[in-house]
Every structure is written in structure tokens, then in C-alpha cells.
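Turn these sequences into a full structure, and let the hints steer you where they fit.
Top line first, the protein sequences correspond to chains A and L.
When we follow our numbering, the leftmost residue of the first sequence carries the number 27, and every step to the right adds one.
When we follow our numbering, the leftmost residue of the second sequence carries the number 284, and every step to the right adds one.
Since the hints were made in silico from the structure, they are not lab data.
All the pointers check out, no bait thrown in.
To be clear about the criterion: a stretch of chain L counts as covered by chain A if any three or more of its residues have a C-beta under 8 Å from a C-beta of chain A, and this derived list gives those stretches:
{"no.": "1", "stretch": "306-318"}
{"no.": "2", "stretch": "328-342"}
{"no.": "3", "stretch": "415-428"}
Within a straight-line C-alpha distance of at most 27 Å, the following computed DSS-like cross-link-like pairs (lysine-lysine) qualify:
{"no.": "4", "chain 1": "A", "residue 1": "Lys59", "chain 2": "L", "residue 2": "Lys454"}
{"no.": "5", "chain 1": "L", "residue 1": "Lys371", "chain 2": "L", "residue 2": "Lys351"}
{"no.": "6", "chain 1": "A", "residue 1": "Lys225", "chain 2": "A", "residue 2": "Lys206"}
{"no.": "7", "chain 1": "L", "residue 1": "Lys375", "chain 2": "A", "residue 2": "Lys324"}
{"no.": "8", "chain 1": "A", "residue 1": "Lys364", "chain 2": "L", "residue 2": "Lys375"}
{"no.": "9", "chain 1": "A", "residue 1": "Lys77", "chain 2": "A", "residue 2": "Lys364"}
{"no.": "10", "chain 1": "A", "residue 1": "Lys364", "chain 2": "L", "residue 2": "Lys371"}
{"no.": "11", "chain 1": "A", "residue 1": "Lys364", "chain 2": "A", "residue 2": "Lys324"}
{"no.": "12", "chain 1": "A", "residue 1": "Lys364", "chain 2": "L", "residue 2": "Lys351"}
{"no.": "13", "chain 1": "L", "residue 1": "Lys371", "chain 2": "A", "residue 2": "Lys77"}
{"no.": "14", "chain 1": "A", "residue 1": "Lys324", "chain 2": "L", "residue 2": "Lys371"}
{"no.": "15", "chain 1": "L", "residue 1": "Lys351", "chain 2": "A", "residue 2": "Lys77"}
DEER-style ranges, computed between Cβ atoms:
{"no.": "16", "chain 1": "A", "residue 1": "Lys206", "chain 2": "L", "residue 2": "Glu303", "range": "40 to 50 Å"}
{"no.": "17", "chain 1": "A", "residue 1": "Gln39", "chain 2": "L", "residue 2": "Gly377", "range": "28 to 38 Å"}
{"no.": "18", "chain 1": "A", "residue 1": "Glu384", "chain 2": "L", "residue 2": "Gly328", "range": "17 to 27 Å"}
{"no.": "19", "chain 1": "L", "residue 1": "Asp411", "chain 2": "A", "residue 2": "Ser208", "range": "36 to 46 Å"}
{"no.": "20", "chain 1": "L", "residue 1": "Met295", "chain 2": "A", "residue 2": "Ile155", "range": "40 to 50 Å"}
{"no.": "21", "chain 1": "A", "residue 1": "Pro222", "chain 2": "L", "residue 2": "Arg302", "range": "49 to 59 Å"}
{"no.": "22", "chain 1": "A", "residue 1": "Ser74", "chain 2": "L", "residue 2": "Asp411", "range": "17 to 27 Å"}
{"no.": "23", "chain 1": "A", "residue 1": "Val328", "chain 2": "L", "residue 2": "Glu437", "range": "43 to 53 Å"}
{"no.": "24", "chain 1": "A", "residue 1": "Thr213", "chain 2": "L", "residue 2": "Ser407", "range": "43 to 53 Å"}
{"no.": "25", "chain 1": "A", "residue 1": "Lys206", "chain 2": "L", "residue 2": "Gln431", "range": "32 to 42 Å"}
Think of the CB as a built atom: it goes at the ideal place given N, C-alpha and C, for glycine as much as any other residue.
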Amino acid sequence: MNRQDMADELDGQVEMLLRSEDCAGAASDPLLKLAAELCVLPNPEFRSRLKDGLVEGWIANCPGAGSRNTHPLKSAKGGATSGVVVQREGVERAQALAGIALLTGKRSGLFPADHRSFVVSFASHAALIALIASGIFVVRNPALKPTSLTSELTYPLAGHGGGGSGDHSAVQVSKGTPPKFSDQQLTPPAIVVRNPEPKLPVEAHVLGPPDIKLPQSNHIGDLISSNIVMPSNGTGGGGGAAGDGFGPGLGSGKGPGVGPGSNGGYGGGPFRPSPSITAPRAIYDPEPEYSDEARRVKHQGVVVLALVVDPQGQARNIRVARSLGMGLDEKAIDAVRKWRFAPGIKDGIPVAVQVNIEVNFRLY
Amino acid sequence: MKALEREPDDRMLIEAAQREHSHFAELYEQNFDRVYAFVARRASGREEAQDLTAEVFHQALASLETFKWQGAPFIAWLYGIAANVLAKHWHKLGRDPEQLAEDWEQGGTDEIERRAMLAELVESLLPDQRTVIVRRFIEQRSIREVAQELGRTEGAIKQLQLRALENLRDKMERRI
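So, in C-alpha cells, the structure goes:
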């Protein structure tokens, strides 16, 4: 049998292995045994994503973190993998020193005993017994959950985003229409052009969804301004452009968009996920508790929360978009407030993004 | 012996990470493969193993400041967190967490070591061989897809697959 025949035969067996449900099987051939083990190795991307998630989420946001540096893990890549090979003595020593820390296990020596654990355990068991005794424990395993982050791939419509700027003029920005939206802003809008002959003329845009059409005219300005007389770039600052706010946008807001909000888009508020903005991703999502009231009457369902994930990956402005009542809304908010996210990214920069989160409450 | 030599390094790294969380990166890199292997043995698939591994490292980073050096390797602490994460997960699924402890006592360490070593050895393969292994086994793509991606014939990819597996087998034997 030549090499190609061997390779073909092995691939046939590999193919069968990959098609089997658990990609395992009792392979006697050492190569197939290796293949089965390779099937369950982690995806290399997962390894790096998790590291990034730890960096972007916890290290940047954890109140107790020793560092606010957001890129330390990246710099640590490489070199450290040599330590991955664990000597058996090390593991066995760990096993001997440790055991597995299970409350229900016979061996509990993995960590030094912490008396607080026993106090908490005693208190929680006592509370559980009292609950059962009071006859209000309606299910054996009152589970909660699963929580999921749903991100609609829609861009901000009116009412989200915004921006504004100005060149510190004495009068309010002129009334007019904003320039077109674009995904990238190269030149901010200006009503009074300070440099009439630029070396490289570029059409002015405001940052926002290009498919959103605003009223257009020959007069750039703020749609809601009352100044219809005197051309003015507005009283704001930050971009030398047009508006009474701050930043390279147009309007009373802050940022490169239009209107009274911030960051971009039109109106007021943060971004929403879009093809050019990656949605925030939950990287730490502790489960919500079940309220006593809801558990008592076996009330189940989904609470939808609308919130803003800020550039630091924390949930802000949480409000209930779909209520479930019986204290579950509050429990959902409490849980989501503790969540940490990898923030939404636009052009490589973390930005505030509006998302909806569905929190499922189920009794099993 | 090597484990004993590593202890001062472990301790320094842990103390550094407690002072400056950025150093957790090195602890992560050193221990990821073993933690994943530990979890993957008792998980029902890669996705579940990845989720649980992520939970272990998040919990480890969150409670790093409570860690007190008492001579045990850092991996022992991570295994403890992993065991608790698995136990909680099993409890949710209605399985008996006691089996985890039994499994640990019944020589589970050998398999964990083997899998961690395998993960490391994959990284040491030649780039083409590594790509074939990752695409074929981890991403579970067909020979045809891999051949198209690499611009080679299907026969060449099958030979690369054979050579990669043989290399891994030989390296494993040399290590063990």
C-alpha cells in the first residue's frame, strides 16, 4: 500500500468518525484515537476571543481591577504557551493537596476552609427548609433563565443618535437641512465656510445610516433652528462645523450626527447595531433570581429589557420594554445590571449601543 | 520536579496578577489548555465545553484577589473552580455531581494531561499541517473545502492530514 492509499483509507475512517454523533468511538488505531481527541479541542478563535473578552470586559470594568489598561492580554501573547505543558507531578500534587471542592463531595480540601462558606451554607439551607415548611415551595427546581441578548440589525431611526458642533458664533445656527448621512465623516458640515478654497474639497456629511433620507435643500443647517435670517455655524464648538452642540455633527447634540442626541445618527440617543457597528456581546451574564410572588403562582414568561451598553461594557438606562410583572421585571433588571459586555464597536472604537435583552423566566 | 520548579513562577505571577490584573493573561495562557481539557471530559460537546471554560476563567478573574498562596499550583485552584462550575451545570441538567469527584479519583488526570499536551502540539505543527488539522477536525470541514481553501488537490490534503496525524502521534510518544 503506497502513501496515497494509506491517506485515502485513513481519510475514509476519519470521515466516518466525524459523522458519528459524538466524534468519539472506540478507536483502536492510534491515529484515529488522536483524530477523535482532536475533534473536541477548542476552536483557536474561541481561545483568543475569551482572552479579549476578559480584557475588554472584566479588566477594564471590574471596580477592583488593579489596572485600567485595556490591552495587556494582547501584549502577553506568545512565550507563555511553554508553560502549558503540565508535568504530571504537578497535577497529582494538586490533586493530593486539593481534591475537588464540592459541597456535596467527601473531599473538600481544594481550598483552605473558609468559615464564611459554612455560615452562608447554613443560612441558605435554613431558609430553604423554612420555605418548604411554609408550603409555598411549588416546584422542586425553580429555575430561571436562560437569558439571551437579542440584537436587531437596524440602524438608528429618528430619536436615536445625534450630534452638534459650531464655531462659537454669537448667534444660533441657521435653519436648513443637514447634509447626507454617511458611514464615514470626512468633512463636517459648515454653513459659513471659513476656507472657501480647500486644497482637497470633500463633500460634507454627518455620521449616520446612508439609507436614511432627510429633507435636502441648498441651505445646510439645523432643521429645528429658529434662525432663518443670519448665516451662522452656531454657538457650539468642537468641530468647526454647524450647530449649537459639540462635535463634528449638526444640531444641539454632541458628536458627528444630527440633532439633540449624541454620537451619530439622527435625534437623541446611542447607536443601534448595524452592518457597520458590531453588536455588544454579553461576556458575564449571571442568572436572574425568581421572585417569590411569581414562583408561588408559577408565573412564567419573558421580560424584554431595552438598554444601552456603554463603551465600557456596562448596561445603562435599563428600561422594561415588555413587562412580566410579579417582581420579575425588577429581578431581570437587577441581573442585567450585573452583566458585563464586550461593547459595540464602530470603526474599531467602542461606542454606546442600544440593544434589547430577553430575560426568560421558566419554572422547571 | 518540574512542577516544584514552577512554583516560584506561579506564585510571582499570581501575586503580580493580584496587584495588576493585566498579568492574568500569562496565567490564562499557561492554564487554558488544562482547564479546557478538564471541562471537556465532562461536557457533551465543544460548545458546552467552551461555555463552561469561559465561565471558569471569568470566575477565576473575578475572585483572583481572594486567592491565597498556600503552596498548591494555581491550576489546582482553577480545577476547583472548574469542578464547581461543572457541578452546578450538572445539577441543572439533573446529573449527579458526585460523579465528578469519582472521575477525578479514577485517573482522569492522565486524559487531561494528554489532551492539554495534544492542544499544545497542534500549535507546534508546520503551518499547512496545522491548518488541515484545525479545518478538518475542529471546524469539521470536508477535504474538498480544505483543498479549495489551500489551493491543493484533495489527494494532497489527505496526505497532509496523514502526515499531521503521524507527526502528532510521534510527538506525543516522545513526550510520554
